[in-house]
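Line by line, the protein sequences are chains A and B. The numbering of the first sequence is the numbering used here, which starts it at 97 and goes up by one. The numbering of the second sequence is the numbering used here, which starts it at 5 and goes up by one.
To be clear, the hints were calculated from the coordinates, so they are not data collected in a lab. Keep in mind that a hint or two might mislead.
[As the list claims (entries may be wrong)] Here are some, though not all, of the chain A residues that point toward chain B, as calculated from beta-carbon distances under 10 Å:
hint, residue
1, F117
2, E140
3, V141
4, A154
5, G164
6, Q233
7, G236
8, P243
[Stated by the list, open to error] Pulled from the structure, derived: some chain B residues nowhere near chain A, Cβ distances all over 12 Å:
hint, residue
9, L41
10, E42
11, G46
12, M65
13, T87
14, K189
15, I194
16, Q228
17, A229
18, A232
19, T246
20, H267
21, H273
22, R292
Note that beta-carbon positions come from the ideal geometry of N, C-alpha and C, so glycine has one too.
Chain residues, written in single-letter form:
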Amino acid sequence: MPAPSTTALDENTFFMIMFTFGSLMGLVTLVYVIKQAFSRQSGEVGGWELRGARQRIAAVVRTTLAEGLRARVASGFALLILISIPIFWLTAEGDGTIKGKVQMFITYSLGLTSFLLAVLTILFSCRSLSVEIASRQIYGIATKPIPRWQIVVGKWLGVMTLNVALIAIACLMTWAGTRANVSRFKKDLEFDLITYGSLTPSQAADTIAALANVRGVGKEGMESPIIASFASQLGKTHEEIGDMLLRLPESTRVNLRRFDELRRQVLVARTIIPAPLPDFSKDIDEVYKALREQGRLPEDWSDRRIREQIYKELVGGYCAIGPGEVRVWRMQGPPPQEGRDWVMGLRFKIRAMRQPLATQVGGITLETDSLLGRWILGDPRTSAYIETIDQYPINTFTEIEIPQQGVEKDGTVIVNFQNIDPRQIDAIFDLPTGDLQVLYRVGSWELAMLQAALAMLIPLSCLAAFGVCASTFLSFPVGTLIVLTLYIISSSMGFVADSLAVSREYAPPEHDRTLVYEVRRLTVESIGFALSIGDLDPVNKLMEGLAIGWKPLADTAWKYLLAKGVIVLTLGVFILRRRELAAVIV
Amino acid sequence: MNADQRLKPVVECIALTKVFRDFWDRDKVLAVDHVDLEIYPGEVFGLLGPNGSGKSTTIKMLLGLLYPTSGVARVFGKLPTDTAVKARIGFMPEESYLYRYLNAYETLDYYGRLFRLDRIERRRRTEQLIDMVGLKRAGRRPVGTYSKGMARRIGLAQALINDPDLLILDEPTTGLDPVGTRQIKDVIEILGQRGKTVLLCSHLLADVEDVCDRVAIMYGGRCQAMGAVSDLLERRDVTEITTGRLDDATIQKVRQIIEQSGHRVVDIHHPTDRLEALFLRVVSQAQRDKLQTSGAESTRGVSEFLGGTTSPASVIDTLVDAGRHTDIPVEVSPNEPAEQPARSPQVETQVVARLTRKADETKQNDRRKETGPKESPLPERKPDQAVLDRLIKAGSSQPPAAKSDEADSGKP
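Please model the entire structure based on the sequences and the hints provided.
Here it is in structure tokens:
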């Protein structure tokens, strides 16, 4: 007897069953909450006038901060941050080069800061009101003429003031540490130039100053632009500079290149343009038509599901580049700007259909987990293009720089990739998740740091709102547990989205959208919004010299700080105004 | 009973009921059961009852910390949950629930900010209240390190920071030493004289008896008896005559006269002093002798902004202390007592003028008291030398009399 098939239950039917169950549970909760809210005689009356609000809120903020710092909740975390950053500065080595060192220092110091601050925010905000209610300190406040909304806002602002202060300190320390790393590198280089390169101290100083004037990027088989910059600064020939550099220790020469990369790839603020996906709607129609004519449409599938499947396959086919195949992308960036630091970058992550194993081909060793590929940047029909062939590690981001001549005057970048790996493995760029991008400079590293700091504050403000709201009606341990769970889920949002089986890649045409589809889309999007806290991944972006950008920052702040934060805090205010603050003692 | 029935009541409860329910909304406890209550301006009202009689629940409903299940509570004609009402209320809870890591000054400053007092006023009131509750020396310590009594004193101070029109005290004397207890009574009296209303909730009958105009006795959530203290306590079937010490012959004559008029003498005895009065005198003397303590210190009457007066002694002390901290070095012979630095004539004149004003104010205050002579605030009391001698006879090697005289001689 065949086993009953689990796929027999239609996806939408299953969704509707779960949706109905979830809605029922939600309805029961809602009825209970409404009943609780309106069953008692009344909650707080009035208190909406703004006169004196600033002074009272400021008083709550001050006391919250003073208590938090003196109770060693906040001060312990602050101390941990302040101690760890100098330790990271001393110990972070990375791959041993100046670039690796700086990147690791930034990741460790700001990564730890943002994690510790998230935990601190959760603990601090969840204890803010719950502990005061449990220990009855709230009697002293609730009997004073301060409206309860001002207490809630004061508590939230208290937590956020601490966060702002600690982020400012951590960023300042990271900035200073990075600058110190750079100047230490320059000092070491100066020493090497004098000792091994036989330069006078003033020549060495000039040479180091010339590092800031390096234009363009080097490519395989061509002279490094660093040599040109040094030669023009010192008034020497390229050969003399080449000889001088050869006398330097190997590690110093490597570091020179890495420093140039650091200058252009890390200590800058760059923005990203992802490789676009073509419009597949016509192709979908064609494939659909062909399948119908051939009578190959699955009978028990809905029209929408078939089209979605076709779309997925088309995207998959477009993203996969078979052995020997070439794919061309046209990306539209801003028009090229004249500027000495102006360099574009190509950033990509290759995924392989199966694992490439090490092999020898024509005397060249092809490494495990790397693919041999050929990039042509710029229009190959003109002379202004750059070609590079290399083994690129799979499943990790690699960055190639495009010199200015690779970009057309209107800002169009033409990118060709050819899969020349002899192991016959498909190379895949998952374009919907941004596996192929063009990067360009939009400002200084300080700008990127400022935007990263602001971006770090958004999830913290959201967590603080949740924590303060939870503390209005939950005890400290319960509230902490719930907000901590939210934080963990939001940190692994990709996984949650996958588990919800959301297909956002393809939306059916307007006339084909069923009610179930809309309900499902809205449900999934609301759950996604409810569970996320607006994490823009600022630390990793800063480590890669990526600016978050004011628009994404404003959009996220609006969505998570103003919309979500205010909704959650309003809920907290509502609960605190309705609830009885005294304990039941008879 | 001094309540004026024509006035609008400050506190009004109509069939006030509170039922505590469980999670499933089932009635669990009937804490307050149809209580009707009216408290008028200027009244000192005592809410009496054994533990669990519903006193605290009633008070919490009047403060908006609990909401009535049925019935109405009004304070100053408004619902207790109205934020506007709270500006006129001072509340001292049954225990001091304070921020453990703030010190006394910061605590009072915080509460002052919630009342939107300006910086100068906050500072003035904070200083005066801390001085009043005797925590000047411990004022910079975190409140978490205070003893229970000291925390209660800060609890009293915070309840008075806004000079409230209605002061609600929940078990105010619990955990307080007799000095603190006396002080709370002084505060209540002075606020009462200024026309403020006080609602006192306690199960310590002596405290209530001393200060309250009217009381209600609660039991099982209901109001069992209510009325003026004098009416409730007067024993109309007994007469008590108080006079100076009489010899046996005189007593015999009095007894005969009473018996001739057809009455019976029930008891003749020498009245004993109350232990509270004795305790206060002893502590007062020790404070005059400037004995060190790490706890609460001498209490300087009731704060000026509350209508009390700072005692003349404290003003002098302040000036003398200021003189001691002068930069001019004073040569002191090891065997001779140091002379106090001479005050400038100008300062002297100011002091005298200020003291005269204070004395006048005190007299006026005394005259205003309608209920006959009451005990004046602590520092103005004369030490009972006989009592002190009796107590210190065994222990001290230094005769206290000399110190006492010295201390007294320095004060007008």
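Hints versus structure:
For A/F117, the shortest C-beta to C-beta distance to chain B is roughly 24 Å, which exceeds 10 Å, and the interface hint is violated. Hint status for A/E140: holds, given a least beta-carbon distance of 5 Å to chain B, under 10 Å. For A/V141, the interface hint holds, the least distance from its beta-carbon to any beta-carbon of chain B being 4 Å, beneath 10 Å. Given the 10 Å rule on beta carbons, the hint for A/A154 holds: about 7 Å separates it from the nearest Cβ of chain B.
Of the supplied interface hints, the one on A/G164 holds, with its beta-carbon coming within about 9 Å of a beta-carbon of chain B, less than 10 Å. Nearest Cβ of chain B to the Cβ of A/Q233: about 5 Å, under the 10 Å cut. The hint holds. The beta carbon of A/G236 is positioned within 10 Å of a beta carbon in chain B (closest approach about 6 Å), and the interface hint is therefore held. Proximity of A/P243 to chain B holds as hinted, the smallest CB-CB distance being about 5 Å (cut-off 10 Å).
Against chain A, the non-interface label of B/L41 holds: every CB pair exceeds 12 Å, the least being about 17 Å. For B/E42, the non-interface assignment is confirmed: its Cβ lies about 20 Å from the closest Cβ of chain A, beyond the 12 Å cut-off. The beta carbon of B/G46 is kept farther than 12 Å from every beta carbon of chain A, the shortest such distance being approximately 22 Å. A Cβ of chain A approaches the Cβ of B/M65 within 12 Å, the least distance being about 9 Å, so the stated non-interface status is violated.
Interface exclusion of B/T87 from chain A breaks down, the closest Cβ pair being 4 Å apart, not more than 12 Å. Every CB of chain A lies more than 12 Å from the CB of B/K189, the least distance being 22 Å, so the non-interface label holds. Once the 12 Å rule is applied to beta carbons, B/I194 is consistent with being away from chain A; the minimum gap is 22 Å. The Cβ of B/Q228 sits about 17 Å from the closest Cβ of chain A, beyond the 12 Å cut-off, so the non-interface label holds.
At the 12 Å boundary, the C-beta of B/A229 stays outside the reach of chain A, the nearest C-beta of that chain being 21 Å off. The Cβ of B/A232 lies farther than 12 Å from every Cβ of chain A, with a closest approach of about 28 Å, so its non-interface assignment holds. Look at B/T246: its CB is around 43 Å from the nearest CB on chain A, clear of 12 Å, so calling it non-interface holds up. Every CB of chain A is more than 12 Å from the CB of B/H267 (nearest about 49 Å), matching its label as outside the interface.
At roughly 43 Å from the closest C-beta of chain A, the C-beta of B/H273 stays outside 12 Å, upholding its exclusion from the interface. Its beta-carbon lying about 34 Å from the closest one in chain A, B/R292 satisfies the requirement of being farther than 12 Å from that chain.
Taken one by one, the earlier hints fail for this structure at numbers 1, 12 and 13, listed in ascending order.
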